[in-house]
Amino acid sequence: MLLRKMWRDLSKNKAQFISIFLMSFLGMFVFVGIDAESSGAGESARSYYTEYNLCDLWVMGAGFSDDDARLASKVKGVKDVEKRLSLTGTAEKYDNAYMYVNFMESDNINRLLLYEGEPFDGQRDGFWLEEWFARTNNINIGDPFSVKIDSQKIDGRVRGIVDAPDYVYYVSESDLMYPNYKKCGLVFMAPSMYPDPENIIYNQLIVDVDDDHASDEQVSVIKRKVEDRFDRDDIAVTDRDQNLSFATFDAEVRQHKAMGAMFAVVFVAIALLGIVTTMARVTSGQRIQIGTMKALGFSKAAITLHYVSYGFIISAAGCILGAFTGSLVMPAWILSMFEGSYLIPDLHGDVTGTDIAVTALAILVSTMVSFMSCRKELKDPPAVTLKPPAPKKVRHSGFEKSRLWLRLDFSTQWNIRDVMRNKLRSLMGILGVMGCAMLLVCGFGCFDSIKGLMDKMYGELMTANNKIVLSSDADADYAYDLAVRYRGQMIEEKSVEFVSDTAKKSGSATIVDKGNFIHIQDRKLKPVKLTDKGIAMTSKMAGLLGISQGDHIRWHFVGDDKWQYSRVEQIYRDPSIQGITMKRDVFEDMEYTFAPTAVLTNKSVDPSLSEEDEVSTVLNIEGMKAAFSETMEILNAMVYVMVLAAVLLGVVVLYNLGVLSFVEKTREVATLKVLGFSSPKIRQILQKQNLWLTIIGIIAGLWAGWGMLYVICTTVSDTLDMFPILYFPTYIWSVGGTFLVSVSVNFMFSGKVKNIDMVDALKGVE
Amino acid sequence: MAEKKVLIEFKDVCKKYVQGEHEFYALKDANLSINEGEMVVILGPSGAGKSTLLNLLGGMDSASSGHIFFDGEDLTTYSDNKLTKYRAENVGVVFQFYNLIPTLTAYENVALMRDIKSDTSDPKEALASVGLADHLHQFPSQLSGGEQQRTSIARALAKNPRLLLCDEPTGALDTDTGKEVLKLLQNMSRNRKRTVVMVTHNSFFADIADTVIRVKNGGIRSIEHNDAPKDADEVNW
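First to last, the sequence lines map onto chains A and B. For the first sequence, position 424 matches number 420 in this note's numbering, and the numbering has no gaps at all. For the second sequence, position 191 matches number 1415 in this note's numbering, and the numbering has no gaps at all.
Be aware that a few hints might be false.
In silico DSS-like pairs for lysine-lysine, Cα to Cα no more than 25 Å straight-line [stated by the list, open to error]:
1. 1(A) x 1440(B)
2. 1240(B) x 1(A)
3. 447(A) x 1306(B)
4. 375(A) x 1240(B)
5. 383(A) x 1454(B)
6. 372(A) x 1306(B)
7. 1348(B) x 383(A)
8. 375(A) x 1348(B)
9. 375(A) x 1(A)
10. 1440(B) x 375(A)
11. 1235(B) x 296(A)
12. 372(A) x 1252(B)
13. 1348(B) x 144(A)
14. 1341(B) x 375(A)
Rather than coming from a laboratory, the hints here were simulated on the basis of the structure. Note that the coordinates shown come from a computational prediction; the quantities given were computed from them, not determined experimentally.
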């Protein structure tokens, strides 16, 4: 019978219990959804790495012989070592696509995943091409293919379509940040394909350790042993965490987890608040019923169980359903956006023990909270509970004794008292509005920050209207002519690898000739002059490498075996391109030859120029901005989720709150009516309180939104150094949006004032 | 006349409330005994201590000092759990404002007793015995006051309690309906040998009781035995 009572009570308080259900549902939907996605993606990657034997260590240096490989393989704990020559080139036939080229004898380590064609064979001629590149460029098995490395062309036919576990993520020099696997390919071939196979010099040893599940510590022990064994200054040994491909995906997965947790905390907190207020109201409203049940002989435990099961059933239904649908919907959605970013086969969601534990915990906490909120009515003997509750003690606050208080009108006094007496309810209202405003600010702020980032990149740091990107056919003279003709500035952009004591990172180097189109800003975003003395490094890269101004860093250009050990003379901040910048003089002092890759100019560029062989493409500033915004797809999707969640949160919390305060105030409102207050006047009184709470919530939400935006901006990725930016319209939208939600929900309730029947409302309590 | 068995005995029972520095006795040094099967009316003006007496009888409150014996057992030594069990097993309560669970139908309100006691009577029969066979599936809000009170009595009876406590059972009813309720209660004592204790401020009810206990200012003023109680029909107020 108590069960039946519960169902009827639940349906009587539908609105509130549905809102609790929705919040529990959303919380678990997002958390379990994102966690299942990130865990599953992580697991997919792990099993891919294990099955295709991703190497544990990379040894990079100027040249490795068979003896070196043997030397490394004798280190205790090392299972296998393979030699590789890793270079970069271009595929001219395919829009000059940037190519990562690997020569190797075998693929026992970093084994290629074969989609089509024949397995890799170090004795056979031909190319093994990355699958995405092959598919999007419509290249098939048996097709002729060629790749150009330093003006040497290698021709052959495609033998296999593959993926490689050490290349789940890579970017070309011109993309720099967001992968475009159509324009940036990956190709593997036998050493015999090398233009001068007799004199091939390998620049990489890849090392596989004995234990497939070796811990990070075990691997780092072996890493040190390998370093000791070689005892050479010109090599660098790196592990998986220092590897761009591995680390990028790893970071992505971890970011998603953090995002998911953040969302979940917001929703679950709101659900808990909902449970507290609703259960407190239900139990205090049923005080006499509780007393009756006690008098009839129901044990405390039975009554407690009865009321606790309200919270339990609603939150369990919400959490379990949310977890279930979240684990189905979210991974599918997010992982579909991974396509084209990460080359990992069979990405799928995976519900983990954590998900189940967190769901159970959320249910447990909700149940506990409903226990706490109904305990009050249970502790007294039935004789006490049967009587109406003693009126709440109203203490006069210090404020009420002040002169100011006496000057306030009745409605203000009444509202202040009402807020003070219902602190929890008011708090919940503020939090709901705050959450709504926070998510809106953060959501719109993401758009602002991306726009601000673009404005900074293409307007402050790079001020040219056009960028003429040169092809590999262009020589220095050609570039000089262009620079003179267009009064432009020549720059050279190259990929760089940095190795510090703690990390190995890929980045880019920009070498600038005289001109006025490239600017840098210090950490505080103040424009500064580029140092003449040496290299300047971006603050994000410096942070990742764990170095500061004045420290030394070991680095080399990708594809060049000459390592540099330079002092970082200056730290500057760049939102999108992480690496180093130096003047041409500095570059040439290191005995490199300046070979411009682009010319920047403000003059309008003759359209026929892009037809010339020496010119790869001419980019204008608007085109660059558009291309950049395309790369922000995942972030945009998160923003849509946020805005949607904000509105939902606002409506649900405020509606719940409206029901609550309306029910509680019915008698008071009826009394006011009897005393002769008109309905509009009463409405005005009620609106006043909502207005206060909404304003407080919005102000708090603006701050919280800024904080959340800051966290998102600073953790978004290794390569983006975003700064949180909020433009004025964002404030208008967020404040206005929150107000609209708040006011319209409140309007719905205050409209009911008219319908309150004075006589009915003032009759007995039950 | 056969020796009657004493069901309830109060010995020097006090109930004290402390409010800040003020002490206030709702009941002071109460001594009384009630025989099994009797119809007892506790009379007194409001604030006299009637309800306190009833609450103590029903194990709904505990005494500050003194002893309360039920069938020889001292209730004042009971733990909360034992008191709850005592209420569940032995006591039926009829409230002035019925105190039905609004979200349960008449039938369900009575059937609720099955949750706390195993040997309850059939809810249908209990409701039929108070004349509500036709109103089984109506919610309290669909019943008249008298019907609600009869439901409440059916609920109390379904437990087959040894002690039936009634707190102003006719207080919210008109005279005719009130009489019907009184008659029901009197029959409980006369025909089914239940001990019925009724609290009221209406002195006319003294006529139908076997024993009348008068209470005033927290003390028991008199205990009278009525050899020839009137039928409930005959009372007028």
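Right, here's what the structure says about each hint:
1. Proposed proximity of residue 1(A) and residue 1440(B) is contradicted: the alpha carbons are some 40 Å apart, above 25 Å.
2. A C-alpha spacing of about 36 Å is found between residue 1240(B) and residue 1(A), which places the hinted pair above 25 Å, so the restraint is violated.
3. Distance check on the hinted pair: residue 447(A) and residue 1306(B) sit about 71 Å apart at the alpha-carbon level, beyond 25 Å; violated.
4. Proposed proximity of residue 375(A) and residue 1240(B) is supported: the alpha carbons are some 19 Å apart, at most 25 Å.
5. Proposed proximity of residue 383(A) and residue 1454(B) is contradicted: the alpha carbons are some 33 Å apart, above 25 Å.
6. With a C-alpha separation of about 21 Å, the suggested pairing of residue 372(A) with residue 1306(B) holds against the 25 Å cut-off.
7. Restraint check: the Cα-Cα separation between residue 1348(B) and residue 383(A) comes to about 30 Å, which exceeds 25 Å; the hinted pair is violated.
8. Taken as a hint, the residue 375(A) and residue 1348(B) pair is broken in the structure, with Cα atoms around 34 Å apart against an allowance of 25 Å.
9. Note on residue 375(A) and residue 1(A): the hinted pairing holds, with a Cα-Cα distance of about 22 Å set against a maximum of 25 Å.
10. Simply put, residue 1440(B) and residue 375(A) have alpha-carbon atoms about 30 Å apart, too far for the 25 Å limit, and the pair is violated.
11. For the suggested pair residue 1235(B) and residue 296(A), the alpha carbons sit about 28 Å apart, so the restraint of at most 25 Å is broken.
12. Pair hint residue 372(A) plus residue 1252(B) does not hold up; C-alpha atoms about 29 Å apart against a cutoff of 25 Å.
13. For the proposed pair residue 1348(B) and residue 144(A), the alpha carbon gap of about 95 Å is over 25 Å, so the pair is violated.
14. Of the supplied pair hints, the one linking residue 1341(B) and residue 375(A) holds, its CA atoms being roughly 22 Å apart against a limit of 25 Å.
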